[in-house]
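Trainee: Given next are the chains, with one letter for each unit.
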Amino acid sequence: MTVAAPNDFQESLQPQGWLRYFSFSLDHKVIGLQYLVTGFLFYFIGGAMAGVIRAELASPISDFVSRETYNEVLTLHGTVMIFLWIVPVVNGGFGNYLIPFYVGARDMAFPRLNAVAFWMIPPAGILLIGSYFITGAAQSGWTAYPPLSLTTPALGQVVWIVSVLLLGGSSIFGGINFIATILKLRRPGLQLMQLPMYCWAMLGTSILVVLSTPVLAGTLLLLSFDIVAHTGFFNPALGGNVVVYQHLFWFYSHPAVYIMVLPAFGLVSEILPIHARKPLFGYTTMVYSILAIVVLGLVVWAHHMFTSGTPPWMRLFFTIATSFIAVPTGIKFFNWLATLWGGKLALNSAMLFSCAFIVNFVFGGITGVALAQVPFDIHVHDTYFVVGHFHYIVYGGTVFVIFASIYHWYPKFTGRMLNEDLGRLHFLLTFVGFNLCFAPQHWLGLNGMPRRVAEYDPSFTTLNQISSVGALLMAISSLPFLYNVLVSAFRGQVAGDNPWNALTPEWLTSSPPPVENWIGEAPLVKHPYGYGVDEDTLSVEAATGRDLWSGAGRR
Amino acid sequence: MPIPSSLVTLLVGMALVLSGLWVGYNVDLLPLAASTNAPVYDSLFRVLFSIGTILFLGIVGLVVFSLVRFRRRAGDQTDGLAIEGNLPLELVWTAIPAIVVLFVGLYSYDIYERMGGMSSLNDHAAMHQMPAMETMEASVTAVEGGKEPAARVWGGIGTGAGETNVLPVEVTAMQFAFIFHYPEGDITSGELHVPNGRPVELRMKANDVIHAFWVPQFRLKQDVIPGQPTVLTFTPTKAGSYPIICAELCGPYHGGMRSTVVVHEPDAYDAWLQKNSPVTATVASALSTPTA
Chain A
3 MTVAAPNDFQ
13 ESLQPQGWLR
23 YFSFSLDHKV
33 IGLQYLVTGF
43 LFYFIGGAMA
53 GVIRAELASP
63 ISDFVSRETY
73 NEVLTLHGTV
83 MIFLWIVPVV
93 NGGFGNYLIP
103 FYVGARDMAF
113 PRLNAVAFWM
123 IPPAGILLIG
133 SYFITGAAQS
143 GWTAYPPLSL
153 TTPALGQVVW
163 IVSVLLLGGS
173 SIFGGINFIA
183 TILKLRRPGL
193 QLMQLPMYCW
203 AMLGTSILVV
213 LSTPVLAGTL
223 LLLSFDIVAH
233 TGFFNPALGG
243 NVVVYQHLFW
253 FYSHPAVYIM
263 VLPAFGLVSE
273 ILPIHARKPL
283 FGYTTMVYSI
293 LAIVVLGLVV
303 WAHHMFTSGT
313 PPWMRLFFTI
323 ATSFIAVPTG
333 IKFFNWLATL
343 WGGKLALNSA
353 MLFSCAFIVN
363 FVFGGITGVA
373 LAQVPFDIHV
383 HDTYFVVGHF
393 HYIVYGGTVF
403 VIFASIYHWY
413 PKFTGRMLNE
423 DLGRLHFLLT
433 FVGFNLCFAP
443 QHWLGLNGMP
453 RRVAEYDPSF
463 TTLNQISSVG
473 ALLMAISSLP
483 FLYNVLVSAF
493 RGQVAGDNPW
503 NALTPEWLTS
513 SPPPVENWIG
523 EAPLVKHPYG
533 YGVDEDTLSV
543 EAATGRDLWS
553 GAGRR
Chain B
132 MPIPSSLVTL
142 LVGMALVLSG
152 LWVGYNVDLL
162 PLAASTNAPV
172 YDSLFRVLFS
182 IGTILFLGIV
192 GLVVFSLVRF
202 RRRAGDQTDG
212 LAIEGNLPLE
222 LVWTAIPAIV
232 VLFVGLYSYD
242 IYERMGGMSS
252 LNDHAAMHQM
262 PAMETMEASV
272 TAVEGGKEPA
282 ARVWGGIGTG
292 AGETNVLPVE
302 VTAMQFAFIF
312 HYPEGDITSG
322 ELHVPNGRPV
332 ELRMKANDVI
342 HAFWVPQFRL
352 KQDVIPGQPT
362 VLTFTPTKAG
372 SYPIICAELC
382 GPYHGGMRST
392 VVVHEPDAYD
402 AWLQKNSPVT
412 ATVASALSTP
422 TA
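Chains A and B are the protein sequences, given in the same order. Sequential numbering from 3 applies to the first sequence in our numbering. Sequential numbering from 132 applies to the second sequence in our numbering.
For the record, the hints were derived by calculation from the structure and aren't laboratory data. Just so it is clear, the structure is predicted and the values come from calculations on it, not from any experiment. Idealized CB from N, CA, C, for every residue including glycine. Any given hint could be a false lead.
Unchecked claim - Reference listing, derived: stretches of chain A covered by chain B, where coverage requires no fewer than 3 residues with Cβ under 8 Å from a Cβ of chain B:
1. 61-75
2. 146-154
3. 283-297
4. 381-393
5. 455-465
Input sequences plus hints: build the corresponding full structure.
Mentor: Encoded structure:
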């Protein structure tokens, strides 16, 4: 076996220039951006579907699309937003771009597996969305509960299963790659407890991916047997049990929530210290709280099934376990607040989106603890209260962080800054639109509006229209964003290597970084958050990788 | 002399807690409470709302305060303070949420018990002895399901309440309707009619896919799952008409799968029973009187 010297890599058949973004590139930065741009394309498709849903719900009767189409759209909206937007972007996108920098590596542990993982996504996405136009899409919601998923048109449901299996496979490949990279590819001398927090978040997330995604894959295979081969795993008419499906499905799909938010926690932990000019508060407790969330996240799934006829002891156990996730999560939020406290906060778009993330997520977390209580959940389960709650988590939480991250790392991706005025406009429209859209839904759920309906009680019309106006604002908010990212790539102010004066390793190279990340040796960053007024602080401009490695000017 | 910061913190904290409690006890976000467990639910809601308000206002207050107070002034290129952590502080904010969620968990357990959720269900052994094929036979007239419902309960709140004058109603959920059948009086109805103040026992079955029986004014919801007959009991406390809503996606007309529960005063209920009974009026009244 020969070990390729770094320079062999550059002379390979990899295309150069813009073409590499459409190729089977092995460069982790190219793959990261491929994930990111693909994710955004699906985000806008999923957003258009949300537009259809909100247009239908602007009036209490089913009058905008047919009822079958409405169910197809809500199924696709959920599936696209989870499996093609949030999971690939916060894991595959930022993970691929940042993790090799953070561990001081020149690429991921398995570059080819990495490229395979990405290239499973476009066919899966095209299959899923194409199914709407060709065979008719699945109509049973993103949860695909049997027996409904066994009785709705079979072809669309099978295509949905194949697509989700591909996306799950991609996710598993990515998870294995992240675990291997973080544990085995660290630069010599770099210890686990010196890694930037996003590495820990990705390690925890990847453990969840590897443990729980295969369960979803197996479950969906059994479901497809039920549909295609008329087996009876989940078909009560053949002696199957539909609640077993729900257990297996949520064994993945609750950890999936942490697969979507833990990376966002990591990204925020990178962004806040830089723009607050302070060290990340409580690094060690942050690490342990991530690990606690991973462990607890695996044993809370049945809180999605409190009305499904679960026995009382199970309801009690899952109530307590779910409530206790609030403890490690709370630690992280208090640590972020302490990171802000006494800092020098730059009120730029990245900071505004990050702070709005804290506000939104705390709101979603409070409703989440409430929902964990069985008696509370029994009233609001499967209502718009739940819809409001999880959009506060995944949109108000993760998507806000994705936008913060775009404003933060765009200079690294492209070498140019984004326009701050457009960024703040984008923030304002998104924040107002988001809260207008989803806050009223809590009241709707409490007062009797179930989720996944195309028609509702006319007394709920006004609040639904407010919600739809909020959705429209969110759609409008993407215009300044799109203009900003497209135009700034060519006309934006030149960023320089390290516009934020950051200490994490991705900023200690050129913008955009060269293939294999550093011209010389990789820097050893033992204090990724070493900001703060301290007499022996090393000037970042003057620092070289060698200085940082040798610890010059460091404690 | 400046006011010590610890005193300011204490005062702000007290104001926060008081305002949270005030908001929690004055909030009116829920629909009418029309069953015995609705007021119990509402008291849990108030407690959760108070705690949530305190936390939310506190954290948003801290974020906004930080953004204003610690914003970077123009031309300031210096860093903030190099504080990397504070173990006692971190222990405090680990302990406080832990105590709060423990309290909330125990309190909601208590609420759940008062709602009848922890009453003993039949054990799993009974479930396994039940022939699997029998359970899937869910039809409106399946009398054997009504004979010993206690032997096949799968969940639901308020099961086995031990009441003597329980009104049994067989509920069949199908795409896209609820059918109610009254064993006493042999009435089949698309609406649920119940007398005020009398416990009602719904013996629920689903014919095709999963549905969920939800009455917001009763604060009750139970999935109706094919192959798993379920019992749900409740006691209405206010006469009136309330919506019955299917809360589980069950197909294209899911949004239209609604019905009404009419809570009558006992006299009016007896009249309804007599009027609708397919058997002769004398038999119907004879059937309805011994239930008291």
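Trainee: Each hint should be assessed against the structure and marked as holding or not.
Mentor: Hint check:
1. 61-75: holds (count 6)
2. 146-154: holds (count 5)
3. 283-297: holds (count 5)
4. 381-393: holds (count 4)
5. 455-465: holds (count 5)
The structure shown violates none of the earlier numbered hints.
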